[in-house]
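Could you slot chain B onto chain A? The hints should help.
Listed below are the residues making up each chain.
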Amino acid sequence: MRTISGPSATARALTAIFQKGIKHYIRYPGNLLLIFAMPFMLTVMIFGMGQFVGGSNAALNFAARTGTSNILVYEILGSAVWMISWVVVEDVGVALRDEQMKGTLEQNFLAPINRVTLLIGLSLTDVVITTILFFGVAGVTIMVTMPAAFLSLIQAFLALLIGLIPLFGIGFLFAGFVIRFKEPYIFTQILNLLFATLTGTYYPVTLLPYWVQFLSGALPQTYVIEDMRRIVLANQTLVSLYGSVFILLALALAYPTVGYTVFKHLEKKASVTGEFSKY
Amino acid sequence: MNPVEVRSLSKVFETKEGPLLRKVPKEVVAVDGVSFSVPKGEIFGLLGPNGAGKTTTIKMLCTLIAPTSGDAFVSGFSVAKDQQKVRENLGVMLTGERTMYWKLTGRENLEYFAALYHLDVADAEKRIDELLGLLGLKERQDMLVENYSTGMRIRLSFAKAILNDAPVLLFDEPTASLDPQSSRLIRDIIRGLKKEGHAIILTTHNMEEADLLSDRVAIIDHGKIVALGSPHDLKEKVKSSDIIEIETRNLTDHTANALESFSEVSQVALSTDPHSAEKGLLRIHAEKGKEVLPKILEYLVRKEVTITKVSFIEPTLEDVFISETGRSLRD
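In the order they appear, the protein sequences are chains A and B.
Here the first sequence is numbered in the working numbering, starting from 12 and rising by one per residue.
Here the second sequence is numbered in the working numbering, starting from 25 and rising by one per residue.
Worth flagging that the hints you see were computed from the coordinates, not collected in a lab.
On a predicted model such as this, the values are computed, not experimentally measured, just so you know.
Note that CB positions come from ideal geometry on N, CA and C, so glycine has one too.
Any given hint could be a false lead.
Claimed, not checked - Going by beta-carbon spacing under 7 Å, a handful of chain B positions derived as facing chain A:
no., residue
1, Leu-118
2, Asp-147
3, Lys-150
What the hints assert, rightly or not - Using 20 Å as the maximum straight-line C-alpha spacing, the simulated PhoX-like pairs for lysine-lysine come out as follows:
no., chain 1, residue 1, chain 2, residue 2
4, A, Lys-279, B, Lys-105
5, A, Lys-279, B, Lys-109
6, B, Lys-109, A, Lys-275
7, B, Lys-105, B, Lys-127
8, A, Lys-193, B, Lys-40
9, A, Lys-280, B, Lys-50
10, A, Lys-275, B, Lys-105
11, A, Lys-280, B, Lys-105
12, A, Lys-280, B, Lys-162
13, A, Lys-113, B, Lys-127
14, B, Lys-127, A, Lys-34
To be verified - Pairwise CB distance ranges (calculated):
no., chain 1, residue 1, chain 2, residue 2, range
15, A, Val-269, B, Pro-49, 26 to 36 Å
16, A, Leu-45, B, Met-25, 37 to 47 Å
17, B, Asn-274, A, Met-12, 51 to 61 Å
18, B, Ala-301, A, Lys-193, 51 to 61 Å
19, B, Lys-47, A, Val-269, 43 to 53 Å
Okay, chain A solo, but in the shape it has when bound:
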């Protein structure tokens, strides 16, 4: 039996993992529908709460604090990025646990591929899913409410693509924890709720206490959300936001490095304790 080696072998394995992920998404369509509906539902909920708390001054207060009167686009961009980060962190972080529950993790680990290749392959699936999610949620909203700004979405999407790299790093980190300690949803759901609170999903980060803003500054979503809003709602360009992009690039280096190191360490521990086949 002839085999292939080197980058072409890795590319083929990545493609297979990617295709498998896409097929699973398509064959479980309910999940896909939910992640499309969630940003809209959350935005409506936040809008309603804002009206209730702010009363007749709600819109004016919002404009004073955010610099825009377009509440819908402001909130939907935050919601879309939150949902995308939810999908990435949960998919990558929980993917190996899902394989473990299906009984297929060991089969994958028996193959002569680097185990991180599995995580990267799953991440590729998420790039496609998040692209569809982004254009399906933010794209549709902007097309309907401010069609003139539609082209700015391309730049906003580039900011998102850079931001996805550190998010995958966070996913790797949690994949390690999950494979070692099980109970994935405790990790990912607490984390995702913290993300919504800390990264300016529904309000400007500047409203948070000063010390909390330090934590926000360490999270990639904070920059992605802020950059997107500036590009779409304030007509800025990605180039003019170079300071923020630079920080995102630094996070894109730091998170995957830390995530990979922690994953390898915990994966090694799991092979000592025989965790791969445990439920």
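Chain B alone, transformed into the frame defined by chain A:
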């Protein structure tokens, strides 16, 4: 070097037992200094009861579990140091039907694993066609695995194990849950793979299967190999005594064990019917079996045990296990 060399391989799991906040660390020895080798073209059976250490040994060999001490070599590569190379040289079938993706078709599953094993695309397609045909799955190849029967899923899992045509093959209970026809098919394929020169390790708690397929058998109990040899040689060792098999009802362990006090009796093993606790199969190793049989029957009748069948039998690998451990494989 043989394709498989296992040297003093041990695995100790550290667990914690007891109520929450008062858990006490405990060490469980799953495999204890196991050594064996498997040459090309040999089927090597690992036979033992559930929990004996067979699967842990297999999982160490295929790099899923790190050994605590010792080492094993697959095609000359160490499972402790050259894991990627070990995996390239292995085809593995693990127990269970949930080892394939249920939301993919049978063919998609094999294509997926062919990519993970770096198989050339054209060769892989040819191989997949060949295996689907061989295992009787060709007509259902485009059906989602969730719609397969248990037997079909296990056959697909077997196809995945031999997909990369690896020199060393590990099959963990390959015919468990299969109907007799599918079991026969899998056994025939395993024999064919042996003829092609593959080194094959087969774990099973089915002594007939181990006897039928294996060139050599290691009987493993509490993580240790208690006997190793060809099925013929192992059975010859216990031929010095007669083996009496008695089917009973209402026989207790206590009454059975008391038979060991008879001077002619060397081993007694009682296994109960999993479907009916009152039914038991008593196996007695005894010198001059025909002379001692009336005494045994009289004793059992006195203890109000119902006897439904008595026979003298040829030794099986189960008798080897009984002779080495004093227990039945089915315990």
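Hint-by-hint comparison with the structure:
Contact between Leu-118/B and chain A, as hinted, is supported at the beta carbon level, the nearest pair being about 6 Å apart and thus within 7 Å. The interface hint given for Asp-147/B holds, since its Cβ lies 5 Å from the closest Cβ of chain A, which is under the 7 Å cut-off. The beta carbon of Lys-150/B is not positioned within 7 Å of any beta carbon in chain A (closest approach about 9 Å), and the interface hint is therefore violated. Between Lys-279/A and Lys-105/B the alpha-carbon distance is near 12 Å, which keeps this suggested pair within the 20 Å criterion.
Of the supplied pair hints, the one linking Lys-279/A and Lys-109/B holds, its CA atoms being roughly 17 Å apart against a limit of 20 Å. Distance hint between Lys-109/B and Lys-275/A is fulfilled; the C-alpha atoms sit about 18 Å from each other, no more than 20 Å. Proximity of Lys-105/B to Lys-127/B is assessed by CA-CA distance (about 35 Å); at most 20 Å being required, the pair is judged violated. A C-alpha spacing of about 16 Å is found between Lys-193/A and Lys-40/B, which places the hinted pair at or below 20 Å, so the restraint holds.
Among the hinted pairs, Lys-280/A with Lys-50/B is consistent with the structure: their alpha-carbon atoms are about 18 Å apart, no more than 20 Å. Our distance criterion of 20 Å between C-alpha atoms is met by Lys-275/A and Lys-105/B, whose separation comes to about 15 Å. The suggested pairing of Lys-280/A with Lys-105/B holds, with an alpha-carbon distance near 15 Å, which does not exceed 20 Å. For the given pair, Lys-280/A sits about 41 Å from Lys-162/B by alpha-carbon distance, which is inconsistent with the 20 Å threshold.
The hinted pair formed by Lys-113/A and Lys-127/B meets the criterion: a straight-line CA distance of about 11 Å does not exceed 20 Å. A hinted pair counts as satisfied when its Cα atoms are at most 20 Å apart, and Lys-127/B with Lys-34/A qualifies at roughly 8 Å. As the Cβ distance of Val-269/A to Pro-49/B is approximately 30 Å, the hint placing it in 26 to 36 Å holds. Distance hint for Leu-45/A and Met-25/B: a CB-CB separation of about 55 Å, inconsistent with the stated range 37 to 47 Å.
Taking the beta carbon of each, Asn-274/B and Met-12/A are about 58 Å apart, inside 51 to 61 Å as hinted. In this structure, Ala-301/B and Lys-193/A break the distance hint of 51 to 61 Å, their C-beta atoms being roughly 36 Å apart. The hinted window of 43 to 53 Å between Lys-47/B and Val-269/A is violated, with their beta carbons roughly 31 Å apart.
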